[in-house]
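> Each chain, written out:
Number of protein chains: 6
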Amino acid sequence: MANDRYQKGIKKIQEFTLTHSAENPAGEMDIGEGFKDIAPELSKYVVEFAFGEIYSRPGLNNKQKVLTTISALVAQGTPQIELHINSGLTVGLKPEEIVGCIVHLIPYTGFPRVLNALKVAQKVFEERGVFVTTSDD
Amino acid sequence: MANDRYQKGIKKIQEFTLTHSAENPAGEMDIGEGFKDIAPELSKYVVEFAFGEIYSRPGLNNKQKVLTTISALVAQGTPQIELHINSGLTVGLKPEEIVGCIVHLIPYTGFPRVLNALKVAQKVFEERGVFVTTSDD
Amino acid sequence: MANDRYQKGIKKIQEFTLTHSAENPAGEMDIGEGFKDIAPELSKYVVEFAFGEIYSRPGLNNKQKVLTTISALVAQGTPQIELHINSGLTVGLKPEEIVGCIVHLIPYTGFPRVLNALKVAQKVFEERGVFVTTSDD
Amino acid sequence: MANDRYQKGIKKIQEFTLTHSAENPAGEMDIGEGFKDIAPELSKYVVEFAFGEIYSRPGLNNKQKVLTTISALVAQGTPQIELHINSGLTVGLKPEEIVGCIVHLIPYTGFPRVLNALKVAQKVFEERGVFVTTSDD
Amino acid sequence: MANDRYQKGIKKIQEFTLTHSAENPAGEMDIGEGFKDIAPELSKYVVEFAFGEIYSRPGLNNKQKVLTTISALVAQGTPQIELHINSGLTVGLKPEEIVGCIVHLIPYTGFPRVLNALKVAQKVFEERGVFVTTSDD
Amino acid sequence: MANDRYQKGIKKIQEFTLTHSAENPAGEMDIGEGFKDIAPELSKYVVEFAFGEIYSRPGLNNKQKVLTTISALVAQGTPQIELHINSGLTVGLKPEEIVGCIVHLIPYTGFPRVLNALKVAQKVFEERGVFVTTSDD
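Protein chains in written order, with this note's numbering: chain A, 1 to 137; chain B, 1001 to 1137; chain C, 2001 to 2137; chain D, 3001 to 3137; chain E, 4001 to 4137; chain F, 5001 to 5137.
Don't read these hints as lab results, they were simulated from the structure. Check before you lean on any hint, since a few could be wrong.
What the hints assert, rightly or not - Below, simulated DSSO-like cross-link-like pairs (lysine-lysine); rule was C-alpha separation at most 27 Å, straight line:
hint	chain 1	residue 1	chain 2	residue 2
1	E	4012	E	4063
2	D	3063	B	1044
3	B	1012	D	3036
4	F	5094	C	2044
5	F	5012	A	44
6	F	5119	E	4063
To be verified - Just a few of them, taken from the derived set where beta-carbon distance is under 8 Å, the chain C residues facing chain F:
hint	residue
7	2038
8	2042
9	2046
10	2050
11	2078
12	2080
13	2082
Even for Gly, the Cβ is constructed at its ideal location relative to N, Cα and C.
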């Protein structure tokens, strides 16, 4: 199964994760490995399609890709936002940019979605010992 | 009504529009002026809150703010995306970046939302005589 | 088919419509009559369940029922909001209350959903020759 | 920061909360104080914009404002509904009205969203020792 | 209250549940019995309308009805999907069909909704000792 | 570009379309060909991933795949439902099954989404000269 698209996808995934290794090539990224018993080809779709094709496109840099992802997940209210806030920090988004992106969506999604997302960001920042430099009031 | 926040908001709006002038300070931006008969204070909320406060925050640059907005609107499927694709071009997003952002969302929102958004992007690019430089296949 | 629940539903519907008559008992209310060819029992569900049961519940008055409906439709972005803005006027909601309800949702659904709903309200008010008395700025 | 809009917002918030005091002017209302470390200006947006401007609008009374809010949150499925069921009781909505509003939405949002919201209402009513007077079967 | 539609609904419900008995006619199906204190007529709506009318329609068989339900709940992201994965197994859907349906939605709802639903399916399969026969790679 | 997955996808697509030919291998299926100018690789994603991989999975037959798709699109309210109602008829779903699936969703998505979808079904049935055999009232 280790074809070209799979290899390309795994390599791309590693740009977004901290802890990948030979034994754990996807690091902390959830590539659907937990569904080997009921949907074994799922991780293939994530690696080959989502990362090997979509994330490998030119046009946006990695930081922009994560900002785009986080914004859509704020609008949806899906819990996967935690994973992508982590990825964002890994590719070099400043916590100010992540918070900036979430708060920017108040006029578009309303406060509840934004507050829910900020709670997740706060938790991730704490876990990774990251601080927001605030100077704006 | 021309208080500080309103002035700040109008100035910020002008960064996102091409055609603003003394007579038409908001240019092509829809600031809710069309609702003067039923909700006269609406444009005040758009100018003072959305632009005077939220768009005036530090943390993200204007290009990032539009990418964030477009991403959320793809996920929602709201027609306001047309306006913001226009704003994106005005603040200097390359059409490749706008398309890149929309296509990047396939794994997060599915194809239908993405196809609907691309149709709008295509229309805006045509109207503004903008071309996508494609080299990726 | 003219059982008790159906009669009760039709009577309830007439409280929300202007133009009902013996020939057209549902007036301008869309009770799914247009689907007689493909789903003939649909109007039965609308009349008997939606109006004969749900709209016939105690607890809220008719004005509150329409406000509740409009609010949910703003959040969903479904086009049925036009019908219910009409119903609202018929049961005596003031246009200020309808606009008030829609604009109140800015912090919960964001501006795009609200602007889309206001456009529909504006159209309905025009068609019915109804004006908003505005004094708030 | 204690400008006019902020004062107006805090005063408005107190109409929706039970336990506010000089030390805790917002009472049990979540005005985003928990995000002081990552988004310090968030509570300003909630107080000044959401309450100082939107909740301070004429057109709807406080009970109508909460009904409108709850309805939109049922449609969205966002957890903030708990806070607003509490606010509803504080401004004098009867539990029958809150339940009536949620159940009224079955034809518009389907059963799942309604059942999820009723579970929250049930929890809040229990916490506040409030009972629904039911007579309708 | 034990009218015809109610009896018909209860009988229909029993087709979708394993453990129903004289004392517990709805088995593990959640028919809103838990809301007797705040919305006593809710279970009536579920039994009479949802099951006595909608689930009793011709046109689709029981397996198709559950597939249809699960698909909509994947798109919505509502937690009721657990109950309906259980119902699906009870009416004879193979676990491969349930997983097949959820995974089929990746191009329409994106990965996050699908991953969240698969997690629920995995839990239900474990609880019921059901295995997916996988041969597809 | 005519690799294995592409060929497999095109072949799968043809099972869902009436009018495909050597010149127009995808028939009436929208595979994103209209976006060649701004996102030339889009049709590759549709053909190779959506059809070559996801639609080519075992577990569900083609009729079940379309029912699953239609159900999710009813819940989303996306206009692509028209295309998939057409596909459904092509793979042999009876119009009664398509209507049955849409109407079955009333308790899960509410009436508005269902009415909007029925309108589309009605249009497609008319265009293809297909009739619903109704016997249920």
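> Hints first: check each against the structure and report whether it holds.
For each hint, the structure was consulted:
1. 4012/E with 4063/E: 13 Å, holds
2. 3063/D with 1044/B: Judged against 27 Å, a Cα distance of about 25 Å means the pair holds.
3. 1012/B with 3036/D: Roughly 26 Å between the alpha carbons, so the hint for residue 1012/B and residue 3036/D holds.
4. 5094/F with 2044/C: 23 Å, holds
5. 5012/F with 44/A: 20 Å, holds
6. 5119/F with 4063/E: Distance of about 25 Å is within 27 Å: holds.
7. 2038: 4 Å, holds
8. 2042: Hint on residue 2042/C: holds, closest Cβ of chain F at ~7 Å, below 8 Å.
9. 2046: Since the shortest Cβ distance to chain F is 7 Å, the answer is holds.
10. 2050: With a closest approach of 7 Å, the residue 2050/C hint holds.
11. 2078: 4 Å, holds
12. 2080: Holds, because the Cβ-Cβ distance from residue 2080/C to chain F comes to roughly 4 Å (cut-off 8 Å).
13. 2082: With a closest approach of 11 Å, the residue 2082/C hint is violated.
Comparing the model with each earlier hint shows a violation of hint 13 alone; every other hint is respected.
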